[in-house]
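With these hints in hand, go ahead and build the complete structure from the sequences.
Taken in sequence, the protein lines are chains D and F. Heads up, the first sequence is in my numbering, so the first residue is 820 and it goes up one at a time. Heads up, the second sequence is in my numbering, so the first residue is 1207 and it goes up one at a time.
Just so you know, the hints here were simulated from the structure itself, not pulled from any lab data. Keep in mind that this is a model prediction, so the values were computed, not measured. Glycine included, C-beta positions come from ideal geometry on N, C-alpha and C. Heads up, some of the hints might be wrong.
[Claimed, not checked] Okay, derived cross-link-like pairs now, DSBU-like style, lysine-lysine, Cα gap no bigger than 30 Å in a straight line:
id: 1; chain 1: F; residue 1: Lys1456; chain 2: F; residue 2: Lys1390
id: 2; chain 1: F; residue 1: Lys1292; chain 2: D; residue 2: Lys1007
id: 3; chain 1: D; residue 1: Lys855; chain 2: F; residue 2: Lys1490
id: 4; chain 1: D; residue 1: Lys1007; chain 2: F; residue 2: Lys1526
[Stated by the list, open to error] Incomplete in silico selection of chain F near chain D, CB under 10 Å:
id: 5; residue: His1277
id: 6; residue: Gln1340
id: 7; residue: Gly1462
id: 8; residue: Tyr1465
id: 9; residue: Ala1508
id: 10; residue: Glu1534
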Amino acid sequence: MTNSPSGPLRLTGLLLLLLLVFLLDIAIGSVRIPLKEVLQVIFSAHTDNDTWTYIITQIRIPKAFTAVMAGCGLSVSGLQMQTLFRNPLAEPSMLGITAGASLGVAAIMLAGGNIATLYTIKELGLSGSWMITGAACLGAALIMMLVLSVSGTVKNNVMMLIIGIMIGTITLSIISIWQYFSEPELIKDYLLWTFGSLGGTSGMQLVILGLAIITGLVISFFSCKMLDALLLGENYARSMGVTAKRARFIIICSTSLLAGSITAFCGPIGFVGIAVPHMARLLFSTSNHRILIPGCCLIGTILMLLCDVIAQLPGSNTVLPINIITALVGAPAVIWIILRKNNLRAY
Amino acid sequence: MKKKISAFNICSLILTGALLLNGCGQPATTAADSTGSPGGDSDTARTVIRYARGFTIEYHDHYKLLHILNHMGEKVDTLEYLLLRKDAALPPGYPHAQVIRIPVQTMVVMSSMHVALADFAGVADRITGLGSFQYIYSPIVRSNIKAGKLTQVGLDGNLNNELLITMHPGILMASSNPDAGSGKYKTLTDAGIPVVMNAEWLETTPLGRAEWVKLLAALTDREALVDKKFDSVEQAYNSLAQLGAGAKQKPRVIIGMPYKGTWFTPAGESYMSRFLLDAGAVYKWSATRGIGSLSLNFETVAPEALQSDYWLNVGYVDTKKEITAQDERYGSFKPYKTGQLYNYNARVNDIGSNDYWESGGVNPDVVLADMIRILHPELLPDHRLVYYKQLQ
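Listed below in structure tokens is the structure:
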């Protein structure tokens, strides 16, 4: 590992690996489709078997793209949180944004059991998956605004971190109260949502999720310099002309956008946000965000796609919730990397 | 737009069953005239359980012995209940049995199906407490709620024990899994409130599920009346099943709707799978094991959905538009394109309660007739759908 190739070379290697895993995710599933046919559908969008075309174009490809976006978004927002708070355990859900999205979803699903509410919502013409997604976005935005308004008055990042965790805890308690008084079937629906899923996003939703993720990633890429400066301490950052408050505002904005939109569409997916930044730092042996951000995107995406392949339990007819797999696969991977490198830097 | 139903409609439901029977050339039993007849309490009739596998009733000289069975693979776990007249002394030999004094005059129930069972036995007015006032269809129970005669006691796992002990109902009908035992309800059983663990939802056949009315019969000494009504349901169901299973063309059917990439569809040994078999449908997962539902991934069901003829029990949607609002990919399914989508939401009242989950459980013959009418219109040309309606 000492005479390792340079960052860009590793990025290229990862890119190739990503392509391979992406293809693997599309080629493998419950329904056995010959690789030749899969490639034919991908490159010419045509095969004699309509069912196969439907499965590949309507189910597997949207799912793979969702995995790519979730992988990028979650790991980059995790990296930003770890840098901002200079804490190796920081992750996107720290600020209560994920909890906010969950609150929005719980409001619809659990209060939806109240027939009057459900009727009102239907009268508004809102229904189906958009309602859930909209509610999640609203919940995430609400908590984000709360966090941002607090961040204006708080002096240092450690206090900000604690306040974020507290807000998240309060939000989750509200959901728990709601669950306690809800019908079991409604709780089941909500629970299923919290397990996370890449398979429920398609068509227009994919476009919107894509736009949100690209915007978030662009913001974070342009804040590379700010993030690098923050690593050297707030005082140093100030001497470089980066005001802590402004940096915090921008970083929280992009994290909220990334984590909020992914939670809205896929449910709260854990672990990727905390594990991937460490993998990236250890693999590239750098703290330069200009390399770490694309590195996180690539590793996050590869991990997410691999998890999706495993979650499908190739050859079986069931699918495991993605949240279980990310933790099962991610945790040993992080332990392995730490044991090999025997160090763990937060920044 | 949604008409409130009256007790008359309930009768007409049962009448429908009887009429269907006539159409099939079977001797019709007059079920309708027994509904709502005031009496019925007697202690001479003995009921026989023929379909349900979740409970047994034994008749002894001065008491009835009720066993609620929990099948766990080879093993069977049993809960024992002694059904005793008001002042009768405890017979020896049943140290662990809960004692229920019969005829039960007041009961607290937890689910729609419990309400339906009581309604069928003609004792819906003996319900004094409900887990929740939501999702109630029975006009008798609803008018009692309006009159303030009923108490809300909280759902399973969140029961208001103090309230229940104050009410002291003749029984509490719980819908937990019987293997939870009565440990969960120890406070109540210690206070002398018998907790009957209804497991009708674990039955593998529609008739087995409906037969739980006989449990109510035993508890209220209404065996004669309930047996008569159940016999007519049974006869109607069996002749319809013969009709459906004998159909020449067997359309392919899919059930339910995926949620977040997982499609919950009835397992092969569930009563829904049996309904489909009896209605003369081809259901791809009819040979699978299990009585609940299978959680399949979207990809596994998609090939079937793309080529199926009918899509039944779609879920919480009223229109075709709402299906594509859930996920536009569902628009590619063949039944969506041909419009062969049916949901069991024809009888939903003004507060959104669906009678399919209530009286549908004790009128499996009517549900089956609906399904046959949908899948094989030529076999029951005169039947008008009761619980089901086509999505527009």
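The hints, checked one at a time:
1. F:Lys1456 x F:Lys1390: This hinted pair is violated, its Cα atoms lying about 46 Å apart.
2. F:Lys1292 x D:Lys1007: violated, 42 Å
3. D:Lys855 x F:Lys1490: Holds, because 28 Å separates the two Cα atoms, which is no more than 30 Å.
4. D:Lys1007 x F:Lys1526: holds, 25 Å
5. His1277: violated, 22 Å
6. Gln1340: OK, holds: Gln1340 (chain F) within 10 Å of chain D, min 7 Å.
7. Gly1462: violated, 13 Å
8. Tyr1465: Holds. Min distance 6 Å.
9. Ala1508: holds, 6 Å
10. Glu1534: Status holds, d = 5 Å.
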